[in-house]
Every structure is written in C-alpha cells, then in structure tokens.
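Chemist: Taking the hints into account, I'd like the entire structure generated from these sequences.
Okay, here's what each chain looks like letter by letter:
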Amino acid sequence: MSALLPRRWRSDPRFAWAAFAALGVLLAALPFIVDAGMGRSWVRILAFALLYVMLALGLNIVVGFAGLLDLGYVAFYAVGAYVYALLASPHFGIHLPFWVLLPLGALLACTAGVVLGAPTLRLRGDYLAIVTLGFGEIVRIFLNNLNAPINLTNGPQGVNLIDPIRFGDTALHPAVDLFGVSLPATHAHYYLFLAFTLLTVFVALRLQRSRIGRAWVAIREDEIAAVAMGIDTRNVKLLAFAMGATFGGVGGGLFAAFQGFVSPESFTLMESIMILCMVVLGGMGHIPGVILGALLLTVLPELLRYVGPLQEAVLGRVAVDPSDLRMLLFGSALVVAMIFRPEGLWPSPQRARELSPDNPDETRQEQESLFDATR
Amino acid sequence: MDIFLQQLLNGLVLGSLYALVALGYTMVYGILELINFAHGEVVMIGAMVALTVLGVLAGTPLPPAAMLAIAAAVAIPACMATGFTIERVAYRPLRRAPRLAPLITAIGVSIVLQNVAMIVWGRQYVSFPPLIDVHIHEVAGATITNVQIAIVALAALIMAGLLLLVRRTRLGRAMRATAQNREVAELMGVDVNRVISATFVIGSALAAVAGMMVAAYYGLAHYAMGFMLGLKAFTAAVLGGIGNIPGAMLGGLLLGIIESLGAGYIGDLTGGFLGSHYQDIFAFLVLILVLVFRPSGLLGERIADRA
Amino acid sequence: MPPAEAPLLEARGVSKRFGGLAALADVSLAIGRGEIYGLIGPNGAGKTTFFNCLTGLYQATEGAFLLGGARLAGLKPHAIVARGIARTFQNIRLFANMTALENVMVGRHARTRSGVLGAILGTAATRAEERDTVERARALLAYVGIEPRAHDLAKHLPYGDQRRLEIARALATEPQLLALDEPAAGMNATETAALKALLERIRHDGVTLLLIEHDVALVMGLCDRVAVLDYGRRIAEGTPAQVRTDPQVITAYLGGALP
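Residue numbers (the working numbering), protein chains in the order written: chain A, 1 to 375; chain B, 1 to 307; chain C, 1 to 259.
Don't read these hints as lab results, they were simulated from the structure. Heads up, the beta-carbon is just placed ideally off N, CA and C, and yes, glycines get one too. Treat the hints loosely; a few may be bogus.
[As the list claims (entries may be wrong)] Across the chosen pairs, the derived CB separations fall in these ranges:
1) A:Trp17 to B:Val116: 48 to 54 Å
2) B:Glu183 to C:Gln242: 20 to 26 Å
3) B:Glu183 to C:Ala6: 44 to 50 Å
4) A:Ile150 to B:Gln279: 17 to 23 Å
5) B:Leu164 to A:Ser323: 46 to 52 Å
6) B:Arg168 to C:Asn43: 34 to 40 Å
[Said to hold, decoys possible] Computed, partial: chain B to chain A, Cβ under 10 Å:
7) Ile35
8) Ser110
9) Leu291
10) Leu299
Modeler: If you want it as structure tokens, here you go:
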C-alpha cells in the first residue's frame, strides 16, 4: 500500500504512518462531510467513484500490465451484474444471498474472459481490440433481446427490484442501524465499496510485484523476448484476461446490488471506453495513477451539471445540454492524452523523474519509448 | 425461393454500401496499418450534411437530381476536409508510436465526432426528404426499388473508378509503393505525407457518397449511425483481406449477403429462439471467425511473422 | 573432430523454406558438451534462421534438433527454454521499461512456479521463491559485471551493458546451451576482449555456447569448432584453423582470405 505515497514519505515510516492515519480518517469521514456540505447525491457519486476505481484497476491488469487493448471490458461487468440481478430479484423469484452471488458472478465473468481470450489472444493488438469490442456488443445485443421467446433478461426494460445486500438480518437498504446510529444506504454502500476497493488495490499491487506480474510487463514490452525467456505467452495473457474479467465481475455484482436495477443501457461500448479513459489518463500500468484517473473521471463529469446554469447566466439560454458534453470530453481527453502525455497524469515515479525538465535529453527518448506501454 | 432471392437482393444493396465504406478502412490500413476507427463517423457526417442541404433545398423548385447533386457537392468536400483534419490532428503526430497509440486516439476522434454531431443535429433521426419517386420493380418474385438499383450501380461505378485510380495513375502508384514499404517509397521520392493525406481524402469522399446512399436507402440518418456501419464495413475489409482493395469490395458484398440471409433465416435455424433483431451479431461473428481462422482474409496474403 | 561422447545438441538435416526460398538446406551439425561452437557465414546465409528454428520461433520444414538425444521438434519456444536452450538477439531485445534486475528476474520465469493465488495470498513458498529469484538475479548481474546498474531501466544502460544484461537474462533460465546472436556486434576492441573473457568464463562454468558472429578474430580466438553457412548450406566445419584454409569458405567470402 505504501506505493500509493510519494517516495520521500515512504522512506520515513513516521510520515508514512501519519499520512495513512490521516487518509484513513478522511476516507472514513468523507461521506458525512460530503453529505453535510454537498448533499446525498454526492455521497452516491463517491460510491460510484470507488466502483470505477475497482473496474479501472481490473482493466489496468489487461491494458496497463499486459498491454492488451480490451474494448469489451464492460461485458464482464455485465456478466457480474446480471448474475446478481437475475438470481436475487423477483424476476425469476430466486433470492440467493450476496455472498454466494458475488463469487459466482466473478467466476462466470472469469470464465467468459477465458472463453473469449483462448481463441483470440494470439491476434495482433489492434485486431484483438476490435474482437473484444465485438464481443462486448454481442453480449449487449443478447441482453437486449433475450426476453423472447423465453424471458431470460427482460430485454431493454432490464431487471428491477434487485435485493439489497444483507449481512445476516441487516440489509444495507434503506438504512443500517449501527450502535443506535442510522447509517443511510448510500453511506453503507460507500463503506462496503471502500473495503472492496482497498482489497482490489491490495490484490493489484501483489500481482504487479509477482512472477506473473513481471511476465505480463515482459509481454507488453517485447513479446518475442518474453517467449525466449520461457514465458508461455498464451497462458500468461489468458491469466491477465481472466484476472481483469474477475475484477469486472465483482464490480458488476456490487453495481447491481447498489443500483437495485440493471439494464443493457449500462453496458454499452461507451462504458468500456470510459473505463479505458480512466486507465490511459491516470497512467497505464501505474496503480496510483489509475486510481487517480478513475476518481477524476467519475467526479469531474458531475461538475458538468453546473454548466447548464452557467450557460443560462452567460448566454441567457442553455445552448448545449451539459450531459451531451460528457462523452465529448472523454473522447477529446483520449486524443489529447495520447498525443501530449501518453504516460498519463500520474506516471510511476521512475518515469516521472525521467520526465522532469532537469533531464532534457532523456525526455524525448522517454516520450518515444513510453508508447511501449501500449504496444 | 422468392424469400431467398429477396434476401439476396437486399444483401447485394447492403453489401454495396458496406463495400464503399470498407474501401476507406482498407486503403488506410494498407498504408498506415491503422484501423481508422473514425471512418464510420465520416460516413455519418456525409449523410447528415447531405440531409441538411436537402432540407434547405426541399422548398425550392429545383429538380430532384440537381438537389442531390448539390447535396453531394457539399457533403463530399465536407467529408474530405474532415478526413484530412483527422489524419493531421490525431494520427500524424503518432506515426512513429506503437500500433495501439493511434488506435486509442482513433477511438477518441470517433467519440468526439459522434458527440459533436449529436450537439449539432440533435438526438433524433433526420429524415430524407421525399424527393425521389420510388418505383418498385419485380424480379422473379422478389422486389427491388429504383433507389436500390441506383445504389448498386453507382457503387459499382465508383469502385471501378477507384481501381483505375489506384492501378493507372501516378498517385495510385505512389499509394501502392507507400503501402509496400514506406521508407523505400520515401527514398524513391514519393511524398509520403501527401500520399497519406490523399488516401484519407479519397476514402472520405467515398464515405460521403456512402453516407448519402445509406440515408437514401433507409430514408433517415442519425448521429450514431456511423458506429455500427463502420464496424461492419471494417469487418467486410477484414473478410476480404485488409489492405486489399478488390478484397474490400468482395468482403462488403459477402457480408451484406450473409447478413441478409442470416437475418432472414435465423428464426428457422434456431427454431424461433432467435429473431431477426440479431442481424447485427452476424457481422461480429464473421469478424471473430475470420480473425481467428484466417486473419489474412479471403484475398489477403498470409504474412509470415518475423522474429 | 567430432566429440567422442554423445553431443549436447544435434541438428539433423534441418531445412527451412519460406515459400520458394530455401533459407536453410539440409544443415547437420553436432555440438559437444562444454564446447564453444561458432556459426559463421556471409549475410543472408541463414544463421539467424538457424537460431529461430533451434529456439522454436520457426518450425523447421524438414529435419530436427536433438538436445541430449531428445527431439525438440514441435515444441513451443517456451518449452524449448525449459529444456535448457536460451538465446540472445542480434538486435538487443531487452524489456526496455523494466530495470536491469527485473529483466533478469523475468529470466527466472521458466525455473519458478508461483502463480496468481500464491502472489495474492503471499504464501511462504511464494515469498521464498521471490527472495531466491532476487538473489539469483543480483548474482547474475554481478557475474556479468553490471550489478551497480541493477535499478536502472534497461533502456538507459550503455550499449555494452545492454549486451551483458541480455546474457545475464539468458543465463537466468539455467541453460545447458546458450545461443548468442552476434554478441560482439557494435563493440570496440576493449569491449570485445572483455566479452571474450566473459564467454570463456561461462563455458568454464559448464554452459555450452553456440554463437553467430561476424567478428572473425573473436570467432577464431574463442571457438573450439566452427561451421560455415552459405546460401543456407553448411559448406564447412572444423577447427578455426581448418575452416580458415578451406577453399570453399574462401570463395564464399568473395575470394577474400580470412584474416
């Protein structure tokens, strides 16, 4: 976890502990501060931000570590979400508990990752990107249409009235009584998601510094050299795909439980692109950067809602619907980032140091080679 | 039998449209090894601009043919300018970067164009004004309209023209040389940047025409129409053998026919379980199967992997 | 003189055709344990193709390789590494954005077992293996003389050190046979002399060496035996002294006598 902190703090354990304590207090108090200061809807946004951190960290394994561009990541998210929605709602009248469905969703998403990856991972990078995109769309088309002749998914209407998460007798919805204090559902989900996010960060860090993590990066850097080092690239890539998909499946289950409603609308290509954007903008392969990317790209678009009143104040009318600007900004961000800062907003310290202006010679070299991260 | 023939005719029309768009993908890939993800959006812009012009002209006493010509005269340069700009802004700075960097910017450009179009033209469908008297012809129990015949004929004409351009002109020779080996072409005095720009401009002109045809065929256009169309056209290009111009034509026609027949018969094939709204998955299935089993496509050469 | 005991590596009638072009035609040779064996020939003679077939990047059209008597045909490249053949590349292929140490650690992949679960749970076995990997990698960096650069990114090492790092990384796979593709390319005389000493030490430590090299002086001074390829055929084999005077070899090198 200490990798989340700058190096000069890491070297002094007192600083590290102080910073950790401060961060812990802040994260714990955040929903109450935000609720009081900005309103309940922002607590909800915070919970979603954490969810996207998990998804982005999952995609980062595939794109950032292993260098495989997956444009259909949302399909695995959808698998996790629909497993939960279908088996814990009145749709089939089945009400399995969260703690059964979350692993089941993760397992099925992982299986989907293997099924998709096994035949396609030997394709060149750009072809793989398009095939994964196609896979994502196929999953969405099926979700949309499998309501007839047998109603499996309830089609475009989606699945409603999904059971809330329960710990024993306590449901997270509508509110949790904790030592006499009533904790609203949004707050409770925030804490649950925070726990899962910390777990995800932990797993991602452990993987990164492991034999498999090194093999992923080796494949990203030079696939032929990786093979020559005895790495079975097919299996190791498949492992990256499966791990990423598993993260996606867990995220999907949490999403379905939090939202109480799922429909194919939530699993479009644009969702995949948005998560990719978080990874690319934050800093491909660098876990703290990816976390930053996910937080920024979840919270910043919410500020767009203030653009409407601003237009009215300045222009006297709403010329452009603020919600229309959202994807426009994501698209532009992808282009601008790839051209001007391919290493992302928060690259790994090693790279950041190399990019500092004291090192003008290396800057150019670095900018060329940083693209290697996407090869 | 007449259902079969009908679907075959529909497939031919659809396939001509795919082929025309596929050419844009295949020419760019042939030269830059880049999937120009935004090409579908150029088609959409062609359709939107043309419909806007037609909407303005619809009240005037001009003959329909003149209106269509004027619409094309506006839409084609608009698309050419779009294609040219995309290449200069989003791809050229990344020419030396690894393959996936320009692919990511391509996706970004595609989203930007789509959303700009949504802001400019709105979320609703824009309809093709009723300028053309649609005649229905009957062929052995199946029907085809004059619009459809015009689409197939015009597409064939344009593709023949493109083949002539690539095989017989100086520019075409420079394009082929650049596709073979960019460095060597440069050493031989080919202005590679101009060739690449020209490739984008030509592909975009074809996209503009295709966009008008799609709008005429379906009677409407929409800001998001380019996405699926682009993916299908890309699939057609891969099916024919990416980088190969006759391959794109063949792939387009084949994909159109596969889709029409597939949509027509999927109900029977699956015992009524899957209906014709699954039409869109055929393209993806074809794409995945071709890439997995024959990535070089039908007319492409197998590229030996180098160590 | 072929070695008396069974050879470590044997190539039996290896051919490789690309379409109509025969890059290798019926090449046979045998390398004894502990030998330093040179493979020379003009550009385009098929030397790198031979390496690629040996290491499984290409499948030979005909013929087979045997390592310690066991056929390697049909094995994937990573499986061939596991059998004990490691290689370097003519144009250095390091993992540019990994540190020197990490590069060598990747070389341990085939000799280690830890999986995803062990990594996540941080099991004792995984941690022990990881410690061992780091130790061995450091030792190998010291062995080739670049330990001080352990934490530099591979792409920031000077050229000569990159060559050494590639050798250390290959040695990390614990090869029986180390195949080097032009290890002295681009080196000056001092660097080449140091490389020669390193290669002799590696042989002394029990690894058999096969090298492609253009630096004739290095080949003549280092190799026990040399095979000469020309247009995909083996036109000569023998000690450096024998090969140097072989009329066919002299013709292949455009009539110019070897130094």
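Chemist: It remains to establish, for every hint, whether it holds in the given structure.
Modeler: Here's how the hints hold up against the structure:
A hinted range of 48 to 54 Å holds for the C-beta pair tryptophan 17 of chain A and valine 116 of chain B, which are about 50 Å apart. Distance hint for glutamate 183 of chain B and glutamine 242 of chain C: a CB-CB separation of about 42 Å, inconsistent with the stated range 20 to 26 Å. Between glutamate 183 of chain B and alanine 6 of chain C the CB atoms are about 48 Å apart, so this pair conforms to the stated range of 44 to 50 Å. Our hint of 17 to 23 Å for isoleucine 150 of chain A and glutamine 279 of chain B holds, since their Cβ atoms are close to 20 Å apart.
Our hint of 46 to 52 Å for leucine 164 of chain B and serine 323 of chain A holds, since their Cβ atoms are close to 48 Å apart. Separated by about 38 Å at the C-beta atoms, arginine 168 of chain B and asparagine 43 of chain C satisfy the suggested range of 34 to 40 Å. Look at isoleucine 35 of chain B: its Cβ gets to within about 5 Å of chain A, closer than 10 Å, so that hint holds up. Of the supplied interface hints, the one on serine 110 of chain B holds, with its beta-carbon coming within about 7 Å of a beta-carbon of chain A, less than 10 Å.
Using the Cβ-Cβ criterion of 10 Å, the hint placing leucine 291 of chain B at the interface with chain A is satisfied: the shortest such distance is roughly 5 Å. The beta carbon of leucine 299 of chain B comes no nearer than 17 Å to any beta carbon in chain A, farther than 10 Å, and the hint placing it at the interface is violated.
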